[in-house]
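Using the supplied hints, reconstruct the complex from the two chains, each of which is provided in its own coordinate frame.
Residue numbers (the numbering used here), protein chains in the order written: chain L, 660 to 1482; chain S, 227 to 328.
Be a bit skeptical, because a hint or two may be false.
Stated by the list, open to error - Ranges of calculated distance between the beta carbons of each label pair, as one might list FRET restraints:
{"no.": "1", "chain 1": "S", "residue 1": "305", "chain 2": "L", "residue 2": "1445", "range": "41 to 49 Å"}
{"no.": "2", "chain 1": "L", "residue 1": "1445", "chain 2": "S", "residue 2": "315", "range": "31 to 39 Å"}
{"no.": "3", "chain 1": "S", "residue 1": "280", "chain 2": "L", "residue 2": "1441", "range": "55 to 63 Å"}
{"no.": "4", "chain 1": "L", "residue 1": "1441", "chain 2": "S", "residue 2": "254", "range": "40 to 48 Å"}
{"no.": "5", "chain 1": "S", "residue 1": "315", "chain 2": "L", "residue 2": "1446", "range": "25 to 33 Å"}
{"no.": "6", "chain 1": "S", "residue 1": "230", "chain 2": "L", "residue 2": "1478", "range": "22 to 30 Å"}
{"no.": "7", "chain 1": "S", "residue 1": "285", "chain 2": "L", "residue 2": "1478", "range": "25 to 33 Å"}
{"no.": "8", "chain 1": "S", "residue 1": "305", "chain 2": "L", "residue 2": "1447", "range": "41 to 49 Å"}
Stated by the list, open to error - Some chain S residues well away from chain L (every beta-carbon gap over 10 Å; in silico):
{"no.": "9", "residue": "269"}
{"no.": "10", "residue": "283"}
{"no.": "11", "residue": "324"}
{"no.": "12", "residue": "327"}
It is worth saying that the hints were derived from the structure and are not from the lab. Backbone N, C-alpha and C define an ideal beta-carbon position, used for all residues, glycine too.
Here is what each chain is made of, one letter per residue.
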Amino acid sequence: MHETAHELGRIAVTNVGYLWLIPLFPLIGATINALVGWKLQQLFGKKIVHRIAVTAMFAAFGVALVAFSQMLRLPSEERFLQDTLWNLMTAGRMTVDFGFALDPLSMMMVLVITGIGSLIHVFSIGYMHDEPSYWRFFSYLNLFVFAMLLLVMGDNFAVMFFGWEGVGLASYLLISFWYTDPEKAKAGMKAFVANRFGDFGFLAGLFLLFWALGGAWTPRTGSGLRNNDYQPIAELNATAGAATAAQAHALAPAVHDVKVGPTMSFRELRDQVVIESTGVKEHLAGSTIWGVSLLTLVCILLFVGAMGKSAQIPLYVWLPDAMAGPTPVSALIHAATMVTAGVYMVARLNFLFALSPSAMGWVALIGAATAIFAASIGFFQYDIKKVLAYSTVSQLGFMFIGVGVGAYWAGAYHLLTHAFFKATLFLGSGSVILGCHHEQDMRKMGGLKKHMPITRWTYLAACWAIAGFPWMNGFYSKDEILYKAFTSGHLALFGVPTPWLGPAIFVVGIVAATGTSFYMFRSYYMTFTGEYRGNAGHHDEHNEDPHSASAAAMSHLSVSVHASDGAVHADGHAHGHAAPAHGHAVHAPAAAAATAHAPAHDDHGHHGGTPHESPWTVTLVLSLLALGSFFTLFLGIPMAWTGKAPILEHWLAPALTAQEGVPFQHLSHTTEYMFQAIGVLAGAVGWFFAMLLFKDAKSEVPARLKERFLGVWTVVYEKYYVDELYAVAVLKPSLKVAQAASWFDSNVIDRLVLLTGTVTRVVANLDGAIDKYLVDGAVNAVASVTQECGRYLRSLQTGKVQTYLYGALGGALVVVLLNFLIS
Amino acid sequence: MQISLSHFLVVGALLFAFGIVTVATRRNAVGVLMGVELILNGANVNFVAFNHYSGGGVTGQVFALFVIVLAAAEAAVGLAIVLAIFQTFKTIDVRAADLMRE
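This is chain S alone, in the form it adopts within the complex (with noise of 0.2 Å):
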């Protein structure tokens, strides 16, 4: 079975898929970072499919690079909000952090 570039988007695509479902329903914000996570990793699967696919060039492999540095950056931020969260209202849960309501 050839390989093509639907397999890899619906990797990509799964990989989002799931990453939004985490994001959307873990009460973990550490999940929740990890859906972020899985979002990212799934755009880099895109990114890198159709660098190959679309023929020559490097220019998908180094958003992919691009896009991990930046998740690196912003599991840093990311994990100091959690923290402050955590701080903040002795939990993680992101339920509990609605003050933005008001």
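Just chain L, same shape as in the assembly (with noise of 0.2 Å):
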């Protein structure tokens, strides 16, 4: 245990007026295809299309580029470059601005989306030329790069919540791209079911995390933070209201300069906890509620928000069937970039997790134990794609092992080197998709190393990466992380300390590791060595040698050039164009980057009889990506051999403040050494078992072994039955309580409706009754009396004088009468 070597300071902020134009340009690009990009594409060809988007991702790359390049000019304990834009809310002494942070943390992550995200879209161009929506494809691909910036560059709890959420939609919205599959629309609506989950967790740990700062609406009395010394203050100004940021700033109470209290700002809330003598860190170390650790619980909430958005057991069902969406969608959002969002947001809390061993232990437990499941459920896929998606959820189980024992950098790290050889080999799955005429079941492919050289180096390279061998990134940061689980006597579960723990992650860790490097070259050796076995289901009339089949394969990309003989494509055109296969050759870039045919392209399409090798777009960002994931190797070089820190580690220090003080143990750099070794010896094992296995596609012991362990093979295969347990605790109950919603509605509800109509209507015929006979008949009584009255007394004017002089006698005679008896 050592302790931090000097007092944690304020971070100083250089404030900056351009990091807002990082996730505008991805914006302005989704924005001009969602609008107008059908249009466009109508008017000049699905070029235009793709060059918004494009140019939009490398402007933005460029511009993080700038950040980056002044970032690395400043002192490494001052950067962080701030650009607030405006206040999105104040409520009292709380302030919440709409503003952006980079500090070495989310700069490695705007590199990585940004410059990853790049490639991702050069290699869409290649990818999706066939898909008639283009423009909705590349408009929903920048909206997700917008989101995912957001969330990594948000100074605030605000801002990554936007970006959150964003990602997710444009994540569902990717998935389910093609929606008129109904499967495809249904794992779009999983997964954002699945991630609501999630967000919940996320969520409830913000809001508890607010009020354990002393957000509580009321105040508290007793024990608690506003009994601290800055209490008189926020006493006073509890009830006062603020109307502007710079009065919510002036009411919020500050120890020592720092503002102290509920807020959202990552920077302020770091600042707060991580500075001893504001107070802050020992009440919420000191709080518990009912029982729990409070601390422990906002952690644990916070990471269930992980395990959705980053697929950990038991959320992670969403990613597999997330595979539905178009291969770069698969390597963009659900390799590289959105499923490490919760690894991002615990590397950012890491001053929080730090403070509770529990919530540690349980992030490395889930992480070693999503590993370790979904490494096995890997074993024997089939669909490439499949096996790829159970790899980038054992993965992401290394990435929650790394940060979850504390060795945040270590963890930050695999996020970067996983996203290097994952997108490879996504994308280069994505190629053999595209070269074998969109199958994606191994079984079906074979032999491809012939038909696809650059495709399958790029993806041997990315194997070694992800197998830990110390020629590629993967070994360094996999075996920093194991070795840091290994070294990790601190952690805890319900509180109770759990030495073992460490030591027993490390053992799951090089298991998984092994299991790993076992079916990642099981994948490599179904599809490039052996026999191409695309033609058993299909059509054989294009089954040649392989020369002219080759050949056939070129001319496929040379539609453009052409397209005059359309009729020749369709009715077996290989011999037609085996002679000048060089000549198609010369063309194919160029056939590559032209839209304009794409109906002869799909049409040629179905015939699939070879696979060939994809267009430059997609074989250049292939090899990109292959040489990144081996020059990422060095940022990683571990101390042991240099005897200085990773410069990745150094880079990341200023970011992961609670790294220093995460008590490792020491061990010997011999002991190092030996890890090492057992790492290297994992993955070799795994690709010798592969090998003797799968290679050239002759031993027949897998298939023996399938025969004899059936049940078991069934079991995993069909991924624990976890689906179906889903469907029978999850899914099942919430829809009977559905069905009996249902019925409620419809027998209760909807008869309560009708009763209040029925009753209704009564009061209202009864009230018309009284306006039509009692009110209308008073008036028209006073009418009709008169009306009466009016013709009787109509008579007595007869126009005859002498009827008026009976009158007039009448009257004289009463008045006489009257005369008479009154006297």
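Given below as structure tokens:
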């Protein structure tokens, strides 16, 4: 256990005015393509659509590089760029700004998102070539990048949550991109719903944290933050409102110039937790709610959010289904960036998680469980993308082991290396799928190394990386994680210290790493070695000798050049194009970029006889990413080799303040070498068995083993029936509840409504009758009485003089008689 | 039998009553005019009788003369009206002249 070398202070902020440009460009791209993309595509072809999208991405990457260079020029402790745009809301002492911040951690994320994102956009040009709603795809993709940038660049929880939901939306839109297929639409929905569960945890954790920091609506009495030394100010101002951000800032209590109390800003939160003299740390560590450590609860709830987004047990189920989306989407969202958001969040809040050994223990434990669970499912999958999906879930588990045990930089480093090699793998699989005419079943591939050399080499390189061989980047991050896991004796579960947990996680991790190596090389051998099996179930007219077959594949790409002989394409074109194969090769790039002949290409695609190498946009991106997977290894050369901290660890140190305080055991360098050897051995063992069993598809052993252990095989192949378990445990009860609710609705609510309607009608009829007969009757009665009176009185006026005379006489007589009577 | 004021008054009242009845019941316009004459003369009898019995003066006689003159004028106007009624309704039945009813 070593103490921090120096007293931690506030983060020095450098205000800059251009950070908002980084997310702006993808937003503009998304907006243009969403609003007028279809028209542009109609008028100018698909080129204009992807040019807009790709330009936006490169512009964002450019601005990110500018920010990166500025950050490099700052002293390492002051690397914090802030760009506050406007005030989102002001409530009492709290202000929330719409602002962006870049520290070394988010800088790394932004570079990954915009850099790899740009490459994947370029890849999509070739991959989505035949897609009619090309503009929609690029619009969604840009929207995703925008949301993801908000997520990582937001300087407070509000902006982060906005991005958090935004990437969920973009993910949903892209998974169900081909929404006419109900399965794919369903997969999108599944992802969205599973993420909702996580988001609920995230929000609950956020609110709890907010409350813990003194954000209760009514001032509390008794023990609590309010009784600390800033209490008088807080009490005085608790009821005073603030109309503007400046007023709120003035109202907020501060201890030693550090704003304390409820805040949404990561920087303020970090400052008040990290600087001991504010007392916030003690308060948080000391608070309990219903007997549970409040901080542990907060961290675990936040981690539930991470579980949803980063596909950890038990919320991982959506990620394998998310493979229904186009392959570039799987690479960008479901491997390189979005799914790492949870890891990023935990790393970003390292100062909170580090305070709660129990929460750390849970994070690491869930990570380890997910790593081995998902890896074992990957063993027997036949869909190449499913293998990669489970591999992603497993690798995310590794990242959570890293951030869980407190090796935040190692988790972040694995995030970075994984982004490269998994993007390579996914895009490689995309290239294979494209080459095999939208076939994803590895049983129908094989022997592709002849046809797709570039794809094959990049895929192999990425396999080395993920399996953990020292000449690729995966080795450095994975071994650092596992080594740190082994040396962490500080974890706890339910508040009980569990020193055995670290080594146990190490063992699980090594087993999972062996498995990873095995299934990745299995997929490699099944796909690229042996004989091509793709024609088994197809029409066989194109199954000719390899030379003319590859020539046919080339002609596939040169449709634009040969658009005039479309008729030839329609009926067995292979012989027609066998001779000028070289010419086609030259034309291939032009064909790949051309988009105007999509229908012809599509028509051709269904003939699907032979695999072919993908267009240059695809192979270029693959090569760049594979190179990236190599070069990023230099960021993490272990301390045991050079005596210096790895470059990335040094770079991330200012952002990961809790890193230094984590009490890892210190073992000798020799021991560390031994751990590295174990890691390589694990990869080698997996590789060896995969080669033995699957190379060239010659071995009969896999089939025999499958026969022998059919029961186990089925259980694993069916993913441990987790989906079925969910169907029984979650879906069925919710359907039951829905049915009950429906019954209640139709039988009780509807009846109540109908009853209300009937009563209302009766009352209305009654009221109508009263109106009609009583009120109207009274009015009419007055009128008719008047009329009748008029009619009778009218007959008095006869117009005859004598009648009047009678009247006058009668009157006189009455007067006389009265006179007599009265007197 | 001494003839007293009462006797005159009874005659006057009878004349008035006959006049009224005539006016009220006659259908002939000329008869009605005649009834009016009776009423006026009934009044004249009263004037003269009261003058005589209230002692001295000629006030009553003068009034009676005025009434006679007035009656002559009235008869002239009345006959003219009767003529007009006849011209309008082609009859002098007063019941026919009920245009005022409307």
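Hint-by-hint comparison with the structure:
At roughly 44 Å, the beta carbons of residue 305 of chain S and residue 1445 of chain L sit within the given window of 41 to 49 Å. The hinted range of 31 to 39 Å is satisfied by residue 1445 of chain L and residue 315 of chain S, whose Cβ atoms lie roughly 34 Å apart. In this structure the hint that residue 280 of chain S and residue 1441 of chain L lie 55 to 63 Å apart at CB holds, the actual value being about 59 Å. At about 46 Å, the CB distance of residue 1441 of chain L to residue 254 of chain S agrees with the hint of 40 to 48 Å.
The supplied range of 25 to 33 Å is met by residue 315 of chain S and residue 1446 of chain L, whose beta-carbon atoms lie about 32 Å from each other. With their beta carbons about 25 Å apart, residue 230 of chain S and residue 1478 of chain L fall inside the hinted range of 22 to 30 Å. Remark: the range hint 25 to 33 Å for residue 285 of chain S to residue 1478 of chain L is upheld by a beta-carbon distance near 27 Å. In this structure the hint that residue 305 of chain S and residue 1447 of chain L lie 41 to 49 Å apart at CB holds, the actual value being about 43 Å.
In this structure residue 269 of chain S is separated from chain L by more than 10 Å, as the shortest Cβ-Cβ distance comes to about 15 Å. For residue 283 of chain S, the condition that its CB be more than 10 Å from all CB atoms of chain L holds, with the nearest at approximately 30 Å. With a cut of 10 Å on Cβ distances, residue 324 of chain S falls inside the contact zone with chain L, its closest approach being about 3 Å. Remark: the non-interface label on residue 327 of chain S conflicts with the geometry, its nearest Cβ contact in chain L lying 3 Å away (cut-off 10 Å).
In this structure, the hints that do not hold are numbers 11 and 12, in rising order.
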